Amino acid sequence: DAGVIQSPRHEVTEMGQEVTLRCKPISGHNSLFWYRQTMMRGLELLIYFNNNVPIDDSGMPEDRFSAKMPNASFSTLKIQPSEPRDSAVYFCASSFIWQTDRGDTQYFGPGTRLTVL
Amino acid sequence: AQSVTQLGSHVSVSEGALVLLRCNYSSSVPPYLFWYVQYPNQGLQLLLKYTSAATLVKGINGFEAEFKKSETSFHLTKPSAHMSDAAEYFCAVKGGKLIFGQGTELSVKP
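Residue numbers (the working numbering), protein chains in the order written: chain A, 1 to 117; chain B, 1 to 110.
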């Protein structure tokens, strides 16, 4: 079975440009998560969706970041305009369903390494 | 609120030696606990998880972890380290979201 698919794997852009990261969750999973990983801050949850609906976006750093999930098999994370401090590895993860009383596993994609010059 | 603390940002062992990576958690409710491994330039992969069944949890690649409520710990062990175990390991507790520790980098010396 295909795991979580992310594209692109690497992205180099210049400050001020728009960046769009893409994610395809595992088929049949109903929850999707976007994380950012940096040396300084470790793994941070940016936003997560249940059944295509954003549930918690409290980790989104600022208005420059936006995420959408138009259907169960696709999500995007957009940064506009990008800044050098956005340089990080961005992971997408999915799980069957994310609920308080369940211990479902989150399955991670390979990540997108973003460099903003 | 839930939280995890991983003791030691870097652990070095010799090949064939015991691996012990420490994780302590804080949770106001019975926790769900996870260990993930991250190899260089890859995503996180689940090693094992505790979901209130058996307190000793066996995972992939010969790893296991024991849930100790009295010590609020969920330490990860492997009896004999292999060179391929060199990676970063993350402990996590489930709250409203998955809360990760800062990670422990495991080095294995030949």
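A hint or two may mislead.
Said to hold, decoys possible - In silico BS3-like links for lysine-lysine, alpha-carbon gap of 27 Å or less: (1) K78/A <-> K109/B; (2) K97/B <-> K24/A; (3) K68/A <-> K24/A; (4) K68/A <-> K97/B; (5) K49/B <-> K69/B; (6) K24/A <-> K68/B; (7) K97/B <-> K69/B; (8) K97/B <-> K49/B; (9) K109/B <-> K58/B; (10) K24/A <-> K78/A; (11) K69/B <-> K109/B; (12) K68/B <-> K58/B.
Think of the hints as simulated: they come from the structure by calculation, not from any bench. Quick caveat, the model's predicted, so the values are computed rather than measured.
Against the structure, the hints:
no.: 1; hint: K78/A <-> K109/B; result: violated (42 Å)
no.: 2; hint: K97/B <-> K24/A; result: holds (20 Å)
no.: 3; hint: K68/A <-> K24/A; result: holds (12 Å)
no.: 4; hint: K68/A <-> K97/B; result: holds (19 Å)
no.: 5; hint: K49/B <-> K69/B; result: holds (15 Å)
no.: 6; hint: K24/A <-> K68/B; result: violated (37 Å)
no.: 7; hint: K97/B <-> K69/B; result: holds (21 Å)
no.: 8; hint: K97/B <-> K49/B; result: holds (15 Å)
no.: 9; hint: K109/B <-> K58/B; result: holds (24 Å)
no.: 10; hint: K24/A <-> K78/A; result: holds (15 Å)
no.: 11; hint: K69/B <-> K109/B; result: violated (33 Å)
no.: 12; hint: K68/B <-> K58/B; result: holds (15 Å)
Checked against the numbered hints given earlier, the structure breaks hints 1, 6 and 11 and satisfies all the rest.
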